[in-house]
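Colleague: Next come the chains, spelled out residue by residue.
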Amino acid sequence: MNKLIENSIKKDMLINVGPQHPSTHGVLRLILTLEGEIIKDTKPVIGYLHRGKEKLAESRTYFQYLPMVDRVDYLSGFFYQAALCYAAESIGEIKVPKRAEYIRLITMEFNRIASHLLWLGSFLLDLGATSPLFYVFREREKIITLFEELTGQRMMYNFYTYGGVKKDFPEGWIAKAIDLCKEMPKLFDEYEAIITKNPIVLERTQKTGILSKELGLNYGITGPNIRASGVNLDLRKSNTYSVYNETDFKTCLAQSGDSYARYIVRVQEMRESLKIVEQALKQIPGGTPEKLKVKKVNCNCNREECEYCGFDSKLAEKKINPMTFKLPIGEATAMIESARGIIACYLVSDGTAKPYRIKWRTPSFSAVQILPELIKNSPYSDLMPIFGSLDVVLPEVDR
Amino acid sequence: MYDLYAKILNILRLPEIIAQLTWAVIPFACIAALMVFVVIFLVLMERKFLAWLTVRKGPNRVGPNGFLQTFADAIKLLFKEDIMSEETNKLLFTIAPVIAFAPVMIIYGLMPFTEHLIAINIAVGLFLVFALSSLTTVGIVLAGWSSNNKYSLLGGMRSAAQAISYEIPLVIAVLSIAVLAGSLNLKEIVTAQSGGLFSWNIFPAFIGFIVLFICSIAEVNRVPFDLPEAESELVSGYNTEYSGMKFALFFLAEYAALFIMSVLISTLFLGGYLPPFNDYLSIILLDNIIKNQAIMDILIHLEQGFWLVAKTYTLLFLIIWIRGTLPRLRADQLMGFSWKFLLPLAFINLILTSIIKLAIQGY
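Each protein sequence line maps, in turn, to chains R and X.
By numbering that gives the first Met the number 0, the letter at position 359 of the first sequence is numbered 358, and the numbering carries on one by one without gaps.
By numbering that gives the first Met the number 0, the letter at position 137 of the second sequence is numbered 136, and the numbering carries on one by one without gaps.
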């Protein structure tokens, strides 16, 4: 009799989360099988934001495609432009002046902080705390204002170009950035004071969504997510693509691999990024733009190795005509450590003005794939905190 | 008071029976008005205070400094279309907000706002308050079940689980008050605390105060115990499918319950309408100036109201502050917290207060 009743009651419930749900960070759809409140099975459905970024490249010239890559990840546009530029530069063997590399590095690291800050807010929103979101927006606003001053845009910057950057820092920008670098750590202390040791946050995040080393590596998880599992994978250290080898910073690692570890790694990374920016602002060749202008006029020697009018203090090698810009036949992959992990741009050039093929490898795509493994057998309430801790940006998944 | 009322109706040449019938309605009309008034300003206060906590401005467009924002919202809700999806259980779906709302309204009638401002003064007032406040959960479960929405269902189920685990420590914490006052009548509980700040129940039963405070936050489903309507998981929980006036009833019930819970805590533990001094301020300050007893009574009455409102809003302030600070607990953690931590604490409190009571009174 008991068995009969047991069989007649359907135990599991199919529930559809998203694509319109307040906290799926965009348009992810998850088909969950619940047993009570325990998640038994998950099926992520992606593609609601597919814009065909890879295919679009094939019908556009290199310069027409450049502004589009910002939109792949709206929170950290600089990284995608950088990846495309590095790929094109390595095919065309275009040299990048050091000053331009420094400007790239400073903007990228600021972008990393801005992205992590927004992640922090939305992660705590997933946990149910509403106020941190407003605080991180206050701080992010300061960085975004700096970007706006520099590039004219708040999110879709379109600032890098093949062979350098488009503009120099405006006057006074460096002083403002240094001030911000000094101010920020105090604000991070403020967050940590109410989040890091908050018993409810600890209870909710520790020992949930544990990502083991092997699993993470098998699924191709990168960035802070894998560093939280104790894998020392940081392209800024190992590939030294920009001028990262000239700055001193450490890779932040955690061992436990749970949501809390991912939080800790990201918060530490923000502090490290600030350190990188601070050093870069001091070391930038030519110094502040005002000083550089004066020195250039006074020096006017036009020697290659000159500190003020040589190659390294320029913004780009030479002015490229966007209409005639072509790359030689060849292929290249540029890999970059973005805020979310490794992004790779695979670029094939057939010698025409348009790329033959562009393939993006995005870290969020791997992170969504691993979600079913992480949330298996955990309560439904843990779904969003675990998903949030992976820092997935949906446009990046769908491209 | 009734004589006056009957006299007025008599002057208007209405039969006495109308006076008898309508007399009972008047307190409830007053309570309903009070409730709506309180909720409208409580919502405004919460939004303004949360905005202040989160470096925003909050509502500042409707009326001076956003003062009329909630009125505008209430009017909007009144005129909204009432949407019901095809496969809902129409009767239960309609009845659920009423079940959630009505008990809260009756609790308003039981509360001694001042010495005389108490609509229903019965011997088992305290008992009735908790009996009614747990009825609200039935409405929420019904709403969750009848909406035919899986998120709502989960929200309703969570609400039931939460209610079961929080009612018990709540009631045991309150039991210590019954022991201290020797009565279940709310007015007598207040008068038992007269004699200044140090004779308030919070001193012998401080643990009970903490337990009751935590439990009452859970009882009204607020952060960090807002599981039934966890917006990051369940969209909006049990009221996802509701719109228009039905949603407004849930909203009203939630905030009204929040206010009345604070009133209850200040009544039970913080001396209710009594001042924190040995005597009323108006007696201490104005006794020699005003000789007229009637004016004095009115003054004392107003002062009682002031003290209760002050205590209540201090507690509300705390609750909103907690909302601005803490994240949400998970369902199983919430149960564990209640059964493993609050329940033993409530028992310890009960034993302690009983011992104190015996020590003071002897056998």
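Please note that a few of the clues may not be correct.
[What the hints assert, rightly or not] In silico DSS-like links for lysine-lysine, alpha-carbon gap of 30 Å or less:
id, chain 1, residue 1, chain 2, residue 2
1, X, Lys56, R, Lys206
2, R, Lys313, R, Lys294
3, R, Lys10, X, Lys56
4, X, Lys75, X, Lys56
5, R, Lys141, X, Lys75
6, R, Lys97, R, Lys141
7, R, Lys212, R, Lys181
8, R, Lys185, X, Lys56
9, R, Lys141, X, Lys149
10, R, Lys206, X, Lys339
11, X, Lys149, R, Lys39
12, R, Lys196, X, Lys339
13, R, Lys281, R, Lys325
14, X, Lys75, R, Lys196
15, R, Lys313, R, Lys141
16, X, Lys339, R, Lys42
17, X, Lys149, R, Lys181
18, R, Lys175, X, Lys149
19, R, Lys42, R, Lys175
No lab work stands behind these hints, which were simulated from the structure alone.
Keep in mind that this is a model prediction, so the values were computed, not measured.
Colleague: Each hint needs a verdict: does it hold in this structure or not?
Modeller: Results for each hint:
no.	hint	verdict
1	X:Lys56 - R:Lys206	38 Å, violated
2	R:Lys313 - R:Lys294	13 Å, holds
3	R:Lys10 - X:Lys56	48 Å, violated
4	X:Lys75 - X:Lys56	22 Å, holds
5	R:Lys141 - X:Lys75	37 Å, violated
6	R:Lys97 - R:Lys141	26 Å, holds
7	R:Lys212 - R:Lys181	35 Å, violated
8	R:Lys185 - X:Lys56	24 Å, holds
9	R:Lys141 - X:Lys149	42 Å, violated
10	R:Lys206 - X:Lys339	20 Å, holds
11	X:Lys149 - R:Lys39	16 Å, holds
12	R:Lys196 - X:Lys339	22 Å, holds
13	R:Lys281 - R:Lys325	36 Å, violated
14	X:Lys75 - R:Lys196	42 Å, violated
15	R:Lys313 - R:Lys141	27 Å, holds
16	X:Lys339 - R:Lys42	36 Å, violated
17	X:Lys149 - R:Lys181	49 Å, violated
18	R:Lys175 - X:Lys149	51 Å, violated
19	R:Lys42 - R:Lys175	47 Å, violated
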